[in-house]
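Colleague: Spelled out from the first residue to the last, the chains are:
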Amino acid sequence: MKSYLYFLLLLSLLVACSSSFDVSDEVNYKPVIYPDYTDIVIPVNIAPLNFKVDGKTDLLAVEVKAGADVVSLKCRKGKAVWNNRQWRSLLNAHVGDTLFYTVTMSDSAGKVVQFAPFWQVVSPDSIDSHIAYRLINTGYVLWDKMGIYERCLENFNQKPIIENQSVDIACMNCHSFSAQNPNTMLLHTRKFNGGTTILYDGKLQKFNTKTNISMSAGVYPSWNPNGYLIAMSTNLISQQFHNDYGKRIYVSDSKSDIVLLNVKTQTLTTCPQLSTKDLENLPAWAPDGRTLYYTSAPERKGDKGYDVGYWYSLLRITYDEATNSWGTADTVLRAKDLGGSITFPKVSPNGRYIAFTFANRGYFTPFNREADIYLLDLHTMQIAPQPNVNSDCSESNHGWSHNGHWLVVGSKWPDGVFTKPYFAHFDGNGNFSKRFLLPQEDPDFYDDFTLNYNNTDFITGEVPTTPIQWRDAIKADPIPVKADPSVDIDALSGATMKAEK
Amino acid sequence: MIRKPICWIPVAVSYAVLALFVYFVINPLCYNIFQQPAFVLTADFFCSKIKVPGGLSEYLQTFIDQFTMFRFWGTLFLVAEVFLTAFLTARYVRRITDSNPFVSMLAFILPVAISIVAWTDVKYPFAINMQVMLLAAALNLQQILSKYDWSKFVTPLLAIAIYHACGPVALYTFALCEIVGYFLNPDRKNLISVASVVVVAALWPVLVYKFMLPIKLNAALYDMRPQEQLYVTFDLTIVLYLLFLYIPAMLLLTEFYERAKTVKNKNLLTLISVVVIVISTCLGQNYRDNRPERIGFKFGVAAYNQDWNSIISFVKNNEWLKEYQNYHQMINFYYDMALAAKGQLQDKMFSYPQRLGINALFVDEPLATVVCQPMTVLWNNIGFATNALHYAFESQTTYENSHYAMKDVIDNLLIIGDYNNAQKYLEKYSKVMLSKKYVDDRIKYLYGSHDTEFKSEYVNGIRKNHPRKDFYMGNSQYDVLEIVLANKDNTMASQYLLASTLLQNDLELFLSLILEGYCKVNYNGLPRAYQEAVVLYKSINKNVMPGIEKLHIQSYVIDQFKLFQKDISQNRNNTRYIKEKYANTYWKYYFFDNPKVSGIYFE
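Top line first, the protein sequences correspond to chains H and B.
Note that this note's numbering has the first sequence beginning at 252, numbered continuously upward.
Note that this note's numbering has the second sequence beginning at 4, numbered continuously upward.
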């Protein structure tokens, strides 16, 4: 094995940049590369991190030192592109080590400059092999083509799970998985062939989750780790467009509640605590399967203008499946105390942390420049912003990897318009390393890519279905789920229906 | 088989004649092509097209369709395409039947004639032609191969290839040709080969749907344009289907001709061909440029180029456009826009029947794919870049890579000052065919050059009018109010705001805007429609707004209103008389054309 590795390294040296040049200047600062892969922690199984430099300069050489090994990268047209095997071998041989990159460029005047090295630490914490996301254009009212895709993080392969052309251009969204398990998946379709299609127990079935105890079909979902209970919000949603280009869009609810779908029994239940006049939203199960975190904002009364000061707090409630009984709702973080809105809570797989989006208003934060990722330590109840995963643009739609060592964050950095997935390593003690962008084979990829990576989520493997199976399931008539007969909630008023009668 | 060498001179002459005919009579300029998805020079685009049955022909046709943005090049390419199709058809008919040259001639003329009719469809007229051309080529290939023993194994594969390259209907036509060909000429056709094609036609689409491709059932079984496209509608679907049927029809006609040998008049088929040509030309003429929808698209191009005079003069010179059955929302929309741009909206807007009221002044209710680009143009002209960009993004989402959508997104990003994303879209648009000139120009602008078509006066004009204040956009009338508040010298916005109040019969608001100084109006020289509105307001309100006396109303307007009142009371049952007599007045709109009264709404 070792000799094979040496052979590869030797080979790479032979094929690397062979042009000769004299370095005219050595500077003590690091080069500006895109994507920014400088000084980061990377998983051992990540795809090659190819990068480029600004078009005005020419990349002459990139030398990577890892321990005693030295590798020279192929440089062409300002791009440094790894050979996949070479990259894989290097990472496997240097788990826990640091890779030091020395970059040499020539500027437009022909001056050859060598920059101070930047580093990448090869973490032994592997990242989940795949991510799933929706690719969607920048239209916010109309849509045409969209699809849910899975991308292998160990290489550059992207495959459609389902594209909407095969289902009458239905709008599809809110794909989610149970504990990053690709065998249990949920997907909503709207407008055409509407319903919630669920992959469970090897079967794909479409459900109509609107019942007499829910104000709408299920919207934002969270799978219980048991793999068959799904908490979902039910929302009456609207969106407004700002004249201020920086703000763009504001999505808000006039009402919302939370319901619980049991896929096994195909029944939907809820409780008065989750169906109050307040706006309960964005459920997130803790890994114990008994605690449900969610957000809640006061009942809407009249026009709240731009919703500045309209904030969601973080609450939790316990659920006992055996007795189908709910505990009392308990406020974990009060929005007023924090001076902002808490949204998209995501509990870490070990149950100790909650990563959430903190914003100045409302709950739907992908268009909110001020939205940042914060971390709540449930042991110490300390809250900390995470500068290593945040930027001046919106950060939202984040998710934990299966082992809890990686966080994926949807960020509109640097352009402010297009959401892209960034990854950051988590050390288990409340610290994230600097984030890095989803690698692409061609470093130019993002230059003209005008789709949004929407709601990126980790999965531990490929979804074991074909687009044909999804098509057939989505085109089928939905199975109506049964409302729990023991619940008498009027979802819109929070009152019991019997009382009204 | 008797095969004469091709005589190229008549071929060239017929091409030239056909091209001249198409150029001058049909005019293949497809106004709507600007808003259609464009041809992109990337592998992704190719793959996205060919992954569905019929995708290859759609890919090739999308390439050719780009030329229909130009009359000359459009003519050249389209005629070449149909000419080649017709030529291949004629060759095929001759190959299979040894027929008389007259039959071949008819086989040539019929597809040309049908294409001429098909071209008059304003929406997406040319998509089917490529499928037919490839089908005709495949039929010829099959005939060439048929002399080899192994061809019976190749023919079903060819049928499968036709299915994937040309779509399901082409496959069925191929099978039909095989069957007809066999019965016409059994000694030249291999029964196994024919049977295998029939089996492929019967089973392959089902297999593809069930097990191979995640496509829709209709895409697998019968769609002419299998890729789901929101923009495609076929007004002349039946005619387009005929394109597929003409090849077997030719075979049958040949048989008919062979049997008609005893008939003395051997020029019967020539006569038929002449009749076909005449009918198709008449049909083409009937639809050509006279369909309100096509005119709407034509106005769209003119508005994009700010050629307002051509819109105004076209409406002025074509009174028939005002007839009820010819009313079209987009003509109304662009006409209003052209009038406002020339500062004439308040004077002339009621010279065109505003049958949809405010829904033709703004066409975003209900929001549909086809109105996003026109709304972008409107907001750009009014001076509201963020809303223009919002609609441009919506347009780009549904018509990805279309010339209009991409240019609108880029230009508005430049106006707003989001240069990074403008560059990103320029990068993307540079991969679209025929975009180079535009992309080079905007890159020059991006790097600070003043020597560009994107004039800084235009950009600064919009920036000056653009409201700084933040507010929720969405209600067009309210949006215009915000623009007027941002710059009271914005005459186009003022005209739109006042027009919107008139169209909603909201005279209180109309007068408030004038009297409270929101919209700058010369009190002593009020436009005709405004005077009519003031007179009407006074007549229906006992307590009028203070300050109304400052508005000078000419005596003849007052006299005419008195006459109008008298006519109304005397002709309660003869509204037609009133409508005709007061055709261009606001009163007519208020009492008759207003959608609240007429009950006409846009669906």
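Keep in mind that a hint or two might mislead.
Derived lysine-lysine pairs resembling BS3-like cross-links, with alpha carbons at most 25 Å apart [stated by the list, open to error]:
#  : chain 1 : residue 1 : chain 2 : residue 2
1  : H       : K498      : B       : K54
2  : H       : K328      : B       : K213
3  : B       : K472      : H       : K726
4  : H       : K454      : B       : K213
5  : H       : K498      : B       : K434
6  : B       : K54       : H       : K328
7  : H       : K528      : H       : K733
8  : H       : K307      : B       : K584
9  : B       : K599      : H       : K410
10 : H       : K410      : B       : K439
11 : H       : K396      : B       : K434
12 : H       : K396      : H       : K410
13 : H       : K726      : B       : K54
Hints in this document: simulated from the structure, not taken from any laboratory.
Colleague: Which constraints among the numbered hints does this structure fail? Numbers only, ascending.
Modeller: 1, 2, 3, 5, 6, 8, 9 and 10
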